[in-house]
Amino acid sequence: MIKKLIFLSFIPIFILLYLGSSLQNTTLGILGILMFIAVAIIQFVTKK
Amino acid sequence: MELLLSVTPLILLLFCLLVLKMSTGKSGAIAVIFAIAIAYFYFGMNTTGLTIAMSKGMSLALYVLLIIWAAVFLYQLVYDFKAINVINKNIILFIKEPFIQFLLLAWLFSSVLQGIAGFGVPVVIVVPILIHLGFDRLSSVTAVLLGHSWSVSFGSMGSSFFTIFLVTNLDQQSIGYAMAIFDFAAMIMMGFSVCYIYGGWEYVKKGIKYIIPTSLVMIIVMFTVIYLNLVSLVGLLTAISGLITMYSLYLLREKPEKPKELYKDNLNLGQALAPYISIIGLSLLFQILKLGKYALSFEYPGFVTDLGFEVAAEAAYAKIKIFGHPAPIILMSVLIGILIYKKANIWNRDKFKNVVNKTITKCTKTSISLIFLITMALVMMDSGMTNAFALNVARITGGLYPLFAPLFGILGSFITGSNTNSNVIFGKFQMSVATALGVNAFVMSGLQSISGSIGVSLGPTTILMASSASGLNGQESKIYRKVLKPVLLTAAVLGIINYILLVVIKVNIGGVL
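So the sequences go chain by chain: Z and A.
Per the working numbering: the first sequence = residues 1 to 48.
Per the working numbering: the second sequence = residues 1 to 513.
Don't take every hint at face value.
[Stated by the list, open to error] Dumping the calculated BS3-like pairs for lysine-lysine here, alpha-carbon to alpha-carbon at most 27 Å:
no.: 1; chain 1: A; residue 1: 209; chain 2: Z; residue 2: 47
no.: 2; chain 1: A; residue 1: 358; chain 2: Z; residue 2: 4
no.: 3; chain 1: A; residue 1: 358; chain 2: A; residue 2: 478
no.: 4; chain 1: A; residue 1: 21; chain 2: Z; residue 2: 3
The hints are simulated quantities; they were obtained by calculation from the structure and are not laboratory data.
Just so you know, these numbers come straight off a predicted model, no measurement behind them.
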């Protein structure tokens, strides 16, 4: 279940990063980067 | 310091995978965090650059993931409706000796598929066939990963080949000849690697009588097709000639009994093979019809890092052609398969639901790992880390650089999972180093493409596709360990050939240095 949630969380991250880069909006970009790092940390500490 | 930091994410990734034996998902997660931190704090990549690079990574991941999901879906369908059983029983009827089945499928049949479709399709089709023929899972995966790697550069209807001459701007045919010289060595090395995986040195000796004559025929065909300038067909025609040669050798040597009739169950062989034949047919059809204008792509602005590394804007990044990308083609083939199963009265709605559920379970883990790894690759490339690493190694090795040159082709494929991308990153670089050293640029560019080709067998994308297709999810470190040695050995052979051609003989392909 956690893996599915991690996978699905990439959808809003991608939207944020893409909007951040195409609209040149730093706030959206930073939000996307931080969410991505948070998901990577969750993936790293998740047992299975 | 710069050299060490530029390669830290990769060292960390390999350390987690091979030494700590962590899963690809965890290793990728930690490696991408380090790549982002190093890019931001040392290589002067600001948040704008990071946003663009990470978004590019995710759009590239989307491109690859569509193939993986479609391919696993097809495999699960063919497996659950027992079509794969019919295919395997017929292979056994035609080729009785297991060693020949293994070598022919892993080394040559997978290369024929690479010639047409590429993008991991050979792995997801041939690995399950080998496993269902009774071969060990890990051996099947590593044999196919290595076995078809020599054909990647000329495969996929020539996409990597086109890239190397586009980025270097050198004459297409002359690069082709240089590539063929290295590919001859690569095909032999990979043939023997498959034999070794099957049964150790005893089978390497046994394989000589098949591998050497087959490779000789293939290299003659390869040079001829390059001479005729049929660039898109080099990989396909070479692999087909190899397949025919080796099967003929088997018939002449072993004189097996001819099968009286083909095996059939609920499906006959034609029906069982229909989805795979459709992939080949549709791939060829869409290439002929040139329907490339129907596509989805992403647009990215260019930027410059604080250290002055320039990244160009991308007008159509990770272009997914509706009639060209493997995923829609595989899904169309799935549809053909479903129609055939309905006609043969074996269609079952519950079984199909099961196919969908298994596909989701298998692909979710793979997808997470892949997103981390591809994003890491893009952050490393766009921050100038990859470039800094290459420049530092070239500076340190100096005149001995031709010996180490294959490592860059392999590195490019290892971090991006693609021969084409490896050529994009390092093609121009290898040519520039050759010019600076005063050696033949065609040979160095040819070497880049072929070393990138064999490096694909180490690419995280391909490895994850293979682990999904074989049911070895989470055991990618085992696959890496088994694939690494033959790849490094082949790289050493390619490096020595490169050194002899460039420094000892001072070969002059293309008429210029």
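Results for each hint:
no.	hint	result
1	209(A) to 47(Z)	50 Å, violated
2	358(A) to 4(Z)	13 Å, holds
3	358(A) to 478(A)	23 Å, holds
4	21(A) to 3(Z)	20 Å, holds
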